[in-house]
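> Sequences and hints are given; from them, build the entire structure.
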Amino acid sequence: MSTLPIDRRGLLGAGVVVAAALGLAACERKAPVSLAPGVSKADFAGFIAAAKSIVGAEWVAGDAQSVKPWTKKYIPDPGNVHAPVGAVAPASVEEVQELVRIANTYKQPLWPVSTGKNMGYGMTSTAAPGQIVLDLKRMNRILSVDPELCTALVEPGVTYQQLKDYLVENNLPLWIDVPTVGPIASPVGNTLDRGVGYTPYGEHFMVQCGMEVVMPNGDLLKTGMGSTKNPSAWQAFKWGYGPYLDGIFTQSNFGVVTKMGMWLLPAPPVYKPFVVRHKKMEDVSRIVDAMRPLRIANIIPNVVLMMGAGYQLGMFARRAEVWDKPEPVPDEAFEAAAAKVGLGMWNTYFALYGTETMVAESEKIVRAAFEAIGGEVLTEADMVGNPYFHHHATLMQGGLSLEEIGIVRWKGAGGGLAWFAPVAPAKGSETVGQVALAKEILGRHGFDYTVAFAIGSRELHHIIALLYDKSDPADEKRAAECYHDLVTGFGDKGWASYRTGVQAMDLVAQQYGEVNRAVNAAIKQALDPNHIIAPGKSGIA
Amino acid sequence: MRRTVLIAAALVMAGAGTAWAAGQQLGQPLAPRSPEKVYASTCGYCHGTNVGPIILGRHLPAVTVVGMVREGRNAMPAFRPTEISNGELEALSRWVEASAANPQEKGQ
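Residue numbers (the numbering used here), protein chains in the order written: chain A, 256 to 796; chain B, 1267 to 1374.
These aren't lab readings, by the way, just hints derived from the structure by calculation. These figures come from a predicted structure and were not determined experimentally.
Covered stretches of chain B (chain A as the covering partner; in silico rule of three or more C-beta atoms under 8 Å from a C-beta of chain A): (1) 1294-1301; (2) 1306-1317; (3) 1335-1342; (4) 1345-1356.
In silico negatives: residues of chain A with every beta carbon more than 12 Å from chain B: (5) K296; (6) S308; (7) M536; (8) E537; (9) A545; (10) T610; (11) G711; (12) N771; (13) A777.
All C-beta atoms in this analysis are idealised placements derived from N, C-alpha and C, irrespective of residue type, glycine included.
This is the structure:
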């Protein structure tokens, strides 16, 4: 049997050969990356050497070739400025502490990632040049699962797949709540980015409980009840005493989270997923107004998605199957293509959870509410064999799927995706202006209206998938310009993003005003005076 | 009885060439996974579900699989050595190369 070259250089060399053979122009279209401001070549080399002594040479990438697996991204970055210059992968919190200390010594900024699979937000690419990815994926221990309190404590590298496997293998009747890329993403990473899923525990930061954080000086902080003499309530009580600190470690660069507690949902006796079909673009306003009171009263208990036909079709179809012209796909074409696969222009997915009696009573209320606005209320029995319904029925019970990632191939094989997700109050009137503005800006740059709306509780997220072909430099440039215009165009109306990719973190921070930025900058300066943790994250230098 | 179990376990391990762990234990890092497990928990979510192309049964050279996994061809994400270890990838790439088509998979 032949032996494959399996050392890292060998692997990557093989990759280059493959890329060349396949003519992957995008792989070669890379601008040179530079070191961080104030970091000399000697500093960088000193950090790399010291890092190798901490984690072992095999877990340090310190040159352009070896760092390649950390440079893949879907976001538009025509100048390739959001590329790491290295990567280091510790296996323990003690190694993280040591790495943070030497980062201070050499003033080398680190970009922490948990599993680095926030597709459409940047994966393991960095907000500013010259950073070294602090890849926490090897820290993948599930530290505790309490079947009585329905809680878990996990490290950053634990994926939703691992946690699900553990619960299944140990026959524990607990559900996880997953984002759309659950198998390869992590509870820690998604929660720290304030991501969402689709069960009643869909607002992930709401069901987070307790953190361990390596501070920029190497100190180890345990939030909530974690630092008491008997931290048995660490995963049971969120608030601890004094200022609530967990929030400042989300969407921030004030520390490196190395453990996180979370709540798990007891498996309900009955789970019943639904979809409500509406046929016209303008129906979304009435859907939001019908949904709001049901969510606020918790009659519908999960985070609900109103999937637009374009986004929905993009999961399994390519653009050319729907529309053969360069101009943005018109509503009529989306409507017709959606109807062929059993979908409407808006497909509202929600579920009921509880006892049979509870679900039956809630179903009467829900049916009445949506039938009153012309919706077709459909269940699993009506949607047998429909892959779109099956996908959402999977997600709403914490099941694992990557089917939505099919959208990155919408415009071409090159893959290209940037999420833009402005927030508004959950009122139908808000959708009218948002739909018009999104279509105008996307259309101006030649992109399609491929979107969903989501309601967590009282807020409305307009989840816009900016889909482009990354193998086409002109399309990537248009996508970058379009994203800029989306942020500023929506920002001018007070519709700012709840989250963004590394390519637009500073721009989104601008939408929240100077005082917010100054407070964040003051906290950063106090906790991380050398600015060695992820400068640029959320617009915080 | 115990001796029989041990012998059987040893034979299974010898047959596979590597000892793959059954499941993750609390407080322990994820042990090396079999190619079947890596495929099922990563690759198979796209390849075989109408998202990515079918790769089983096509006799893709192992070296090609390795390159694609590490760099992420076109719309495919890259998978780092921290996600799929070099040892896991070596076994996975050979397994994919030698695999038969799975009629349950759907692809385009």
